[in-house]
Every structure is written in C-alpha cells, then in structure tokens.
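Protein sequences appear in the order of chains A and B. Heads up, the first sequence is in my numbering, so the first residue is 114 and it goes up one at a time. Heads up, the second sequence is in my numbering, so the first residue is 46 and it goes up one at a time.
Derived from the structure by calculation, the hints contain no laboratory data. Check before you lean on any hint, since a few could be wrong.
Stated by the list, open to error - Restricting the straight-line Cα-Cα distance to at most 30 angstroms, the calculated cross-link-like pairs of lysine-lysine (DSBU-like) are:
1) B:K548 with A:K342
2) B:K569 with B:K526
3) A:K313 with B:K608
4) B:K344 with A:K333
5) B:K620 with B:K586
6) B:K344 with B:K366
Unchecked claim - These stretches of chain A come out as covered by chain B in the derived footprint (C-beta under 8 angstroms, 3 or more residues):
7) 255 to 263
8) 301 to 307
Predicted model, so just to flag it, every value in this text is computed and none were measured. Heads up, the beta-carbon is just placed ideally off N, CA and C, and yes, glycines get one too.
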Amino acid sequence: MKHNCRFTLFLVILCASVGLLTGCHGICDWIYDDPEEDLLDPSLPDGWKELSDDGLSGTLYLDASSYTRWNYVDWLNTRYTPLDFGTDITPDSLAAIEPVAWDFAVHRYDVKTHGGRAAETRYTSIDELLSDCRSANTVGEWLSTQGIQLESDVWCDSVVTIDMSHMLDGYLVYLPSFYNRQISHWLDVNTSQMPPIYTKSDRIYVLVTGDGRAYALWLKNYISSGGVKGFMTIGYRYLGFLVEPLR
Amino acid sequence: MNFRLSKILFFVVVLIFCGVEKAASQVVVTGSVEDVSGNPIEGAFLHWEEGGTVVGITDTAGRFRAELPAARVGEKRTLVARCPGYLSLSLPIKDDTRTLRFQLETDALNLEGVVITGTRTPKSLKDAPIITRVISAQDIAKVDATDVGELLQQELPGIEFTYSMNQQTSLNMCGFGGTNVLFLVDGERMAGETLDNIDYSRLNLDNVQSIEIVKGAASSLYGSNAVGGVVNLISREAAKPWSVNVNARYGSHNNQRYGASVGFRTKRWNSLTSFQYNSCGDVMFPDPKVEGEQNAYEKIYAFRTLNFKERLSYEPIQRLKFTARAGYFFRERFSSETANDRYRDFSGGLKANYRFIRNADIELAYSFDQYDKSDFLHAFRSDVRDYSNVQNSIRVLYNQRFFRKFTFTIGADYLYDYLLSYMFVDGGSESQHNIDGFLQLDYEPSQAWEIIGAVRYDYFSEFKASLDGLTGKLSGIYKKKFPNGQLSLRGSYSGGFRAPTLKELYMVFDMASIFTIYGNQNLKPQTSHNFQLSLEYSRAKFNVAVSGFYNIVDNSITTTWNKELNGMQYVNIQKMDVVGAELSLNARFDYGFGASASYAYTYEHFPKGVPLTTSTRPHALTAKVTYDHAWKKVALNVVLSGRYMSGLTSDEYTSLTDLTQTTRVHYPGYTIWRFNTSVTFWQALRLHFTIDNLFNYIPKVYYSNSPQTVGISFSGGFSLDIDQFNFKKNKKR
Chain A
114 MKHNCRFTLF
124 LVILCASVGL
134 LTGCHGICDW
144 IYDDPEEDLL
154 DPSLPDGWKE
164 LSDDGLSGTL
174 YLDASSYTRW
184 NYVDWLNTRY
194 TPLDFGTDIT
204 PDSLAAIEPV
214 AWDFAVHRYD
224 VKTHGGRAAE
234 TRYTSIDELL
244 SDCRSANTVG
254 EWLSTQGIQL
264 ESDVWCDSVV
274 TIDMSHMLDG
284 YLVYLPSFYN
294 RQISHWLDVN
304 TSQMPPIYTK
314 SDRIYVLVTG
324 DGRAYALWLK
334 NYISSGGVKG
344 FMTIGYRYLG
354 FLVEPLR
Chain B
46 MNFRLSKILF
56 FVVVLIFCGV
66 EKAASQVVVT
76 GSVEDVSGNP
86 IEGAFLHWEE
96 GGTVVGITDT
106 AGRFRAELPA
116 ARVGEKRTLV
126 ARCPGYLSLS
136 LPIKDDTRTL
146 RFQLETDALN
156 LEGVVITGTR
166 TPKSLKDAPI
176 ITRVISAQDI
186 AKVDATDVGE
196 LLQQELPGIE
206 FTYSMNQQTS
216 LNMCGFGGTN
226 VLFLVDGERM
236 AGETLDNIDY
246 SRLNLDNVQS
256 IEIVKGAASS
266 LYGSNAVGGV
276 VNLISREAAK
286 PWSVNVNARY
296 GSHNNQRYGA
306 SVGFRTKRWN
316 SLTSFQYNSC
326 GDVMFPDPKV
336 EGEQNAYEKI
346 YAFRTLNFKE
356 RLSYEPIQRL
366 KFTARAGYFF
376 RERFSSETAN
386 DRYRDFSGGL
396 KANYRFIRNA
406 DIELAYSFDQ
416 YDKSDFLHAF
426 RSDVRDYSNV
436 QNSIRVLYNQ
446 RFFRKFTFTI
456 GADYLYDYLL
466 SYMFVDGGSE
476 SQHNIDGFLQ
486 LDYEPSQAWE
496 IIGAVRYDYF
506 SEFKASLDGL
516 TGKLSGIYKK
526 KFPNGQLSLR
536 GSYSGGFRAP
546 TLKELYMVFD
556 MASIFTIYGN
566 QNLKPQTSHN
576 FQLSLEYSRA
586 KFNVAVSGFY
596 NIVDNSITTT
606 WNKELNGMQY
616 VNIQKMDVVG
626 AELSLNARFD
636 YGFGASASYA
646 YTYEHFPKGV
656 PLTTSTRPHA
666 LTAKVTYDHA
676 WKKVALNVVL
686 SGRYMSGLTS
696 DEYTSLTDLT
706 QTTRVHYPGY
716 TIWRFNTSVT
726 FWQALRLHFT
736 IDNLFNYIPK
746 VYYSNSPQTV
756 GISFSGGFSL
766 DIDQFNFKKN
776 KKR
C-alpha cells in the first residue's frame with residue numbers, strides 16, 4: 114500500500130510536471146527554424162546580396178512581392194532602385210519617374226530591359242557557360258556559334274498585372290509595358306488551379322544591354338527565408354562587350 | 046446562498062448513499078453456461094441484472110456459483126449471463142431457484158458490443174438509446190484501411206471525403222462538413238484544422254479497438270462542433286501478457302506502409318506502443334475526357350506520414366486506474382519544388398478513474414494537443430512554422446447509479462485554446478478560454494424503456510454565447526423482446542452548437558492579393574435542432590434498421606463578400622434544413638457468409654441568397670459481402686465491398702461577389718468496388734491482398750469532389766503476431 118501511495122504521488126508530480134512543461138503555448142519550438150530576416154550586408158550596395166571583389170559577378174536580392182513595384186537594376190553603377198506606384202499608374206506617368214540609368218527591371222516575376230536583348234540558353238551551369246565562352250574569340254562569336262538568338266522586349270498590354278483585386282469580377286488591371294519574354298521564362302506560374310504551381314527554370318539567360326554589355330543571369334530563388342513568394346534572388350556574371358573576349 | 050449550497054450538498058450525499066447496498070442474507074444459485082451446441086463457455090460473467098453487479102464467473106467447465114442477496118417480498122429478479130462473442134441471456138430467479146442453465150447464441154453482429162459515445166456511460170449496442178454505429182477492430186482489419194477516411198467511406202453511406210482548395214481533405218457527412226462533425230480520440234478533442242477540417246490522416250487505424258459513430262447533434266455532452274455527429278476512435282489496450290506485431294504493405298503508386306507494435310500486460314500495468322510509417326508517390330491524373338473541361342488538379346501530391354502512439358495504464362488498487370498517453374504525428378507533402386508542407390502533432394494526456402463504491406465512478410483527465418504546420422524551404426534547408434494550435438483541457442466526469450433505475454452523470458471541462466497563424470495580422474496569435482458544465486440523467490423504469498435527458502452550458506471568453514451556449518437532449522428507447530429477437534424504437538431531440546473559432550473571429554488573410562478574408566468578432570454561435578426516429582429489429586444473425594432525421598440549423602458560419610471591406614468576411618447565415626433517412630441491413634449466414642447493405646438519402650435546403658449551395662450527393666449506398674472460414678491452422682477471409690454515390694446537381698453562384706445569378710452544375714455519380722482477401726496461418730501470420738477500384742472507374746474530369754482514384758490499384762502485405770508462436774512448446778521439441 115505504501116508503494117501504491119508513493120506511486121500515486123509520483124504520478125501526481127508527473128502530471129504537474131507535464132502540465133508545466135507543455136505550457137499553454139506549445140512545446141518543441143526548437144524543432145523549427147526562425148525565419149531569418151533577410152538582412153543584406155550593409156557594406157554592399159542596396160539590393161546586392163553578394164558582389165565579387167572584381168565586380169564581375171554577384172547576387173541580387175530584390176523585393177518583388179508587390180504588384181505595384183518595379184525594381185530597377187543598374188549594373189554599371191551598381192545601383193538598385195525600387196519604385197512603388199499606385200494602381201492608377203500609366204506608362205507615361207511611370208516613364209516620368211523611372212530612373213535614368215538602368216539595365217533591367219523586375220516586377221513580380223516579369224522582366225523588362227532598357228533597350229536590351231536577351232535569350233534563354235541551354236546552359237544550367239555557369240562554369241560550363243564560361244568555359245565555352247572562353248574558347249571563343251569574343252562574346253558575340255560565342256553567342257553566334259551557340260546559335261543563341263537574342264530577343265528584344267515586346268510591348269504588352271496584358272502581362273504586367275498591377276491589381277489582382279478584381280479577379281472575382283472577372284478582370285485584372287494591367288500596366289501596358291515592355292516585357293522581355295525570354296528572361297521571363299525563368300519562372301512559370303500556372304494559375305489554372307489554386308494555389309498556383311510555380312516551376313522555376315534552371316537555365317541561364319544572357320542579357321545584352323542597349324550599349325552592348327553582355328551578362329549571364331539566372332534565377333536562384335523566388336521566395337524569402339520566411340517563405341514569402343516574390344523575393345527574387347538573382348545570380349549574374351558580367352561576360353564583357355560583345356566585341357570583346359570573355360572578361 | 047449557504048442554505049442553497051447545503052441543500053445541494055445534502056442532495057449529492059443522498060445520491061451517493063442511495064448507491065450503497067446494504068448487506069443482506071444471501072441465496073446461492075449454481076448452474077452452467079454453454080453455447081447452443083452444448084459446449085461449455087469459460088469466463089462468462091453472471092450479472093444480477095437489476096443491480097448490474099457481477100455475482101459470478103464460469104470456470105473451465107462452464108459452471109458458476111452466484112451469491113445473491115435474498116429477494117424482497119414481491120421482487121422480480123433475473124440473472125444475466127454475458128460473454129464476449131455471445132448474446133447475453135437473462136433468466137428469471139424465483140424464490141426456489143437454485144440451479145440455472147444458460148445457452149448462449151453467438152453474437153454474430155456484435156450487438157452486445159459496449160458503446161460509450163452516445164451517453165458517456167457504457168451501454169450495449171442493442172440497448173443504447175442513441176443510434177450508434179460501431180466499426181470493430183475485426184472490420185478494420187478486413188478492409189485493410191490506413192486512415193479513418195478510407196474506412197468510413199467504405200463502411201458508412203453518406204460519408205464522403207473529397208478535396209477542397211490546395212488538395213486539403215474535406216468531409217461531408219450527411220450534409221455536415223468538417224466543422225460540424227466532432228472527431229474524438231478516446232473522448233478527447235483534436236487540435237488544428239485546415240480549411241475547416243481536422244487532419245484526418247492523424248487518425249490512423251493502428252491499435253484502434255473500435256470506432257463509434259453517432260449521427261446527429263450531441264453538443265449536450267460534447268459541446269462545440271458536435272452538430273452533425275460524433276466520431277470517436279477508441280484505442281486498444283494490450284490483451285495478452287506480451288505481444289509483438291510487425292506488419293508491412295506495398296501497393297500501386299509506390300504506396301508503402303510499415304508498422305510495429307509492442308504491448309505487455311501485468312496485474313497492474315498495461316502498455317501498448319505502436320509505430321506506423323506510410324508513404325506514397327505522386328499520382329498523376331489522366332487528361333480530362335470532356336472537351337473544354339479541365340481537371341481541378343494535375344496530380345495527387347506524394348506524401349509520407351509517421352505516427353507514434355503510446356498508451357500506458359496502471360492500477361495501484363482495484364478501484365483506481367491511471368492512464369497516460371503520448372503521441373507524435375508527422376506528415377510531409379511534396380507539393381512544390383521549393384517547399385514541402387509539413388504537419389506535426391504532439392499529444393499527451395493523463396487520466397484517473399476511481400470507482401468510489403459499486404455504483405459510482407469519477408474521472409479526472411488532462412489532455413494536451415498541439416498541431417503545427419510548417420514549410421520546409423529547400424533553398425534555405427529551413428523548417429519555418431506558420432501555424433500552431435495548442436489545446437490544454439481538463440475534465441471531471443462523475444457517474445452515479447442510484448435507485449437501480451437512475452444513472453446520473455455530471456461533468457465539466459475547461460479548455461484553453463491558443464492559435465498562432467499566418468492568417469492573423471503579422472502572423473500573430475489569439476487565445477480563448479472555454480468552460481462548460483453538463484448534466485445527464487438516465488432513467489430506466491423497466492427493461493423495456495429507457496429515457497435520457499441532458500443539458501449543458503458552454504462559456505467562451507472571446508464572444509458572448511448568451512443562451513446559444515445552452516444545449517439539451519432528450520432521447521428514449523422502447524424495446525420489445527421476442528423469443529428470437531428484439532424490436533427497438535428510438536427517438537431523440539438533441540441540440541447542436543458550434544462556437545466561432547479563433548480563425549473565424551480574428552482572421553485577416555491576404556488571398557494572393559486577390560482579396561482579403563476578414564474575421565468577424567460579432568459572430569454568433571451556430572445552433573441546431575436535431576430530431577431523429579429509428580426502428581430496429583435484431584436477431585442473433587440478422588439486423589434491419591430504418592431511421593430518419595430532421596435538422597434545423599441556424600446561424601451557420603461561412604464567408605461571403607462584403608462590399609464595404611471589398612473582401613470576404615465570416616458571417617452567420619439564416620436558417621437552413623437538412624433532412625435524411627437511412628436503411629441498413631446486416632446478416633450472417635451459415636458456412637461463414639455475411640452480407641450488409643446501407644442506403645442513405647440526404648436533402649439540404651438553403652434559402653435563396655445565402656452564400657452556400659448544396660454539395661451533398663443525395664443518394665449513397667454501401668454494400669458488403671464477406672466469407673470467413675477457419676480450418677485447424679489456416680483461416681480465410683474474403684470481403685467484397687462497394688459504395689455508390691449518386692450524381693449531384695447544384696445551382697452554383699456565378700460570382701463570389703454577387704449572389705444573384707446561378708448556374709446549374711452537374712457532378713457525375715460513381716461506384717467503386719474493393720476486394721480484400723487474407724489468409725492467416727497459425728493465428729500468427731496474416732497475408733493480405735487488396736484490389737481497389739475493382740471495375741476500374743476513372744472520372745472523365747477530376748473535379749474537387751471526384752473520387753481520388755486513377756483506376757484499379759493493388760496492394761499486398763503481411764501482419765505477423767510474434768507472440769502467437771508458442772516458444773515454450775518449440776523449445777521442448
């Protein structure tokens with residue numbers, strides 16, 4: 114009987130301990146990772162997550178989660194300019210507030226260039242691309258031997274969505290804009306079912322700016338460390354002018 | 046106030062002492078218990094029916110010796126012989142009765158099985174005043190289902206598990222959805238939900254003793270959510286001194302299931318530990334066969350689940366029992382290339398049952414359940430949680446039987462509900478307290494009649510339930526016994542109640558920038574009035590039941606478009622009705638054959654302009670044919686079962702923002718058959734094989750409510766009870 118009393122006491126203590134341990138707000142928090150704030154290195158320019166010492170390669174990190182924001186990247190001056198606007202924006206009013214110098218811009222998963230041209234390559238490894246490019250005399254020669262056809266932006270009235278809130282009324286609000294179909298292949302969003310299916314391309318894209326600089330770029334990720342979609346992590350490598358050998 | 050308190054105390058003391066029976070001079074009755082072939086039955090219990098007390102037990106020769114108090118003048122008494130697997134039999138005891146001979150029929154339909162869910166007190170299935178459907182461990186093993194959804198669809202008509210958005214499983218049980226059907230595990234609630242449904246894959250069927258299904262409202266006993274029914278999974282305890290089982294199954298689409306359990310039982314201890322792992326690859330849907338239509342989904346996502354359960358009980362003295370349980374559940378769904386959806390549950394509980402005196406018992410229980418959702422982000426190799434529902438509850442339940450005809454049940458619960466969710470502003474958290482008290486009186490004036498009344502009040506800290514929190518129940522059964530059967534007429538009124546959830550009160554969720562869904566702190570609880578009537582005729586090997594129900598549901602909670610907010614918002618809607626009927630037949634034939642069939646009809650009526658349209662298929666049918674045969678060392682079991690769900694025609698709104706125009710939509714009906722067979726060797730090794738969707742039904746288009754099948758599929762496996770091998774004997778050899 115003494116043993117029973119002792120055991121009963123043990124159970125009561127166990128019960129109290131379990132109650133205290135479990136707590137009202139749950140247990141085993143340690144299983145999970147805290148979503149790290151995507152803090153960027155303050156020594157790097159805004160929008161840059163990585164930048165090589167020679168400035169030839171780097172990684173961009175752009176907040177493209179908003180439908181009313183274009184994110185402009187200027188490689189030449191290592192400058193990033195996020196531009197927020199309202200849903201009453203027009204192409205003209207946007208043009209009036211756009212930065213003067215920029216190379217390409219990202220809106221959600223859409224891309225436009227500043228008078229540039231771009232193509233999707235067969236490469237999924239930047240090392241392989243550089244190796245092949247190095248074997249050519251110039252970047253332009255490499256492009257032509259590889260049969261890479263560069264494509265300019267096209268003007269689209271119904272691609273860049275800036276207001277989704279009327280979807281239930283049967284329409285979306287678009288901002289007529291230039292749009293580069295090639296680079297925009299980097300992420301396919303199939304909205305035929307909810308939630309949409311996202312399929313990221315592993316391909317590397319070549320972008321030749323309006324003044325003839327060639328860059329290789331690829332989409333590393335489109336979500337933040339907290340799991341929010343629209344945070345674009347973009348790797349790039351400067352290749353050189355078309356008429357120059359690989360830098 | 047003191048005077049009132051002392052009156053209550055006096056009443057309680059009187060109730061307790063009424064249950065104490067004074068010792069009196071005794072009469073000894075001896076006799077035997079045997080089956081219809083004259084074979085002795087060992088371990089049969091003899092009850093003095095009026096008191097329900099065990100007065101004797103049969104020995105290996107089927108003989109018993111029962112000591113009964115001497116009868117009062119004019120008192121009619123009976124002695125009842127009960128044994129699992131047999132129908133109980135009661136024989137009258139006259140003043141000069143000294144010997145009795147009981148011949149028990151086999152309980153082929155499990156009519157003597159004890160059920161608890163309908164009344165929170167143990168009742169035999171045939172005598173329970175609330176219609177209860179039981180799925181036994183044997184039924185579960187025969188169907189070889191992995192989780193409760195697969196099983197319920199196969200066994201009961203009018204139950205359908207389909208997909209809602211993002212391939213989340215959604216229940217419809219006779220017109221009631223996931224928020225209106227309460228799922229319990231050993232009487233305890235489950236935390237967490239997705240799109241108004243609990244995670245049904247948590248309810249795996251490993252070590253489940255039985256499943257009790259009570260259709261209709263039961264909020265007077267179980268509180269919120271018990272509007273359309275209660276499904277209670279009752280865990281198994283170890284039945285042998287030691288037991289070890291390993292099992293495995295492999296099937297189409299790389300579906301794999303592995304399980305193991307270890308149990309032991311001593312005089313005071315009982316433990317059962319089980320583990321199960323289940324996984325399946327992607328299941329691709331074929332292209333739609335109707336031009337212009339598209340499938341709701343391209344494929345069923347691959348998944349894996351892991352389930353661990355432990356149940357330990359200890360009886361330090363005969364009247365006191367402690368039960369501890371712990372569980373861990375993990376599910377991972379491979380739904381995208383960037384992130385896996387992860388779901389976890391941690392559960393535990395401690396329960397103490399104490400029998401004060403012969404006719405009273407008390408239960409104290411603490412329960413903990415935490416359901417988490419997280420995303421495993423491939424790029425960061427990180428597991429980020431965005432949802433956690435934690436429920437801590439304490440319950441006290443007291444049963445007292447008095448005057449031999451009354452059973453009084455009183456209980457109270459306290460629940461602390463905490464919810465952290467990505468659906469709240471900045472992924473924040475909300476919480477609420479729920480306190481309730483309930484009272485039930487069971488009156489059994491004679492063996493033919495039983496009436497139960499109950500009342501309950503629920504208080505929630507986050508909204509005013511006022512009188513809506515008050516629910517009641519009144520049900521009764523009339524039994525007419527015939528020489529070879531029993532006719533039972535049951536009728537009941539029961540109130541249903543569903544409290545607004547924290548999600549429905551506080552949600553602010555941006556739906557992909559399309560619109561925002563807002564909670565509503567002015568929500569009222571949903572209430573319902575459920576009326577049921579049933580007639581059942583049972584014989585040892587045959588049972589037929591017909592029942593009908595009528596539900597009036599008021600203040601249902603759903604979302605609708607709010608022009609001012611320019612988004613969706615949770616609101617209460619006006620009254621709606623759900624009417625239905627069910628017919629079921631169950632028979633066992635000679636030579637091991639058995640057959641059962643059930644038909645259910647459901648009709649939902651929604652007033653015009655409410656933001657809901659019918660999603661319930663009106664006609665549903667299940668049918669099953671079984672064959673069992675046991676030789677000396679080998680047993681064979683064959684089951685052919687099928688279910689038919691009729692087509693559904695619904696007038697659906699053409700727009701979410703404007704509920705004025707509808708379009709008629711038709712979803713086709715379907716029939717799916719399943720064939721299971723198993724062979725058991727030496728009662729230890731069971732080999733089983735299943736063909737699902739036997740006639741290769743493939744939907745022409747996969748709508749959300751289409752059956753999730755891509756045609757015929759196969760699975761096979763084994764289950765090995767290692768303890769069934771007699772090691773001692775083998776050693777001697």
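Stated coverage of the segment 301 to 307 of chain A by chain B [criterion: 3+ residues, CB within 8 angstroms]: With 3 residues closer than 8 angstroms to chain B, the segment 301 to 307 of chain A meets the three-residue bar; holds.
Cut-off 8 angstroms, C-beta pairs, minimum 3 residues; does the coverage of the segment 255 to 263 of chain A by chain B stand? violated (count 0)
Against the 30 angstroms threshold, does the CA-CA distance of K313 of chain A and K608 of chain B hold or violate the hint? Distance of about 37 angstroms is beyond 30 angstroms: violated.
30 angstroms limit on alpha-carbon distance, applied to hinted pair K569 of chain B and K526 of chain B: Given that 30 angstroms is the threshold and the Cα spacing comes to 46 angstroms, the pair is violated.
For the pair supplied as a hint, K344 of chain B and K366 of chain B, confirm whether the alpha-carbon distance does not exceed 30 angstroms. violated (49 angstroms)
Please work out if K344 of chain B and K333 of chain A have their alpha carbons no farther apart than 30 angstroms. holds (26 angstroms)
Does K620 of chain B pair with K586 of chain B here, judged by a C-alpha cut-off of 30 angstroms? violated (43 angstroms)
Given the hint that K548 of chain B pairs with K342 of chain A, does the C-alpha gap stay at or below 30 angstroms? At roughly 23 angstroms apart (the allowed maximum being 30 angstroms), K342 of chain A and K548 of chain B satisfy the hint.
Hint compliance for this structure: hints 2, 3, 5, 6 and 7 are broken, all remaining hints hold.
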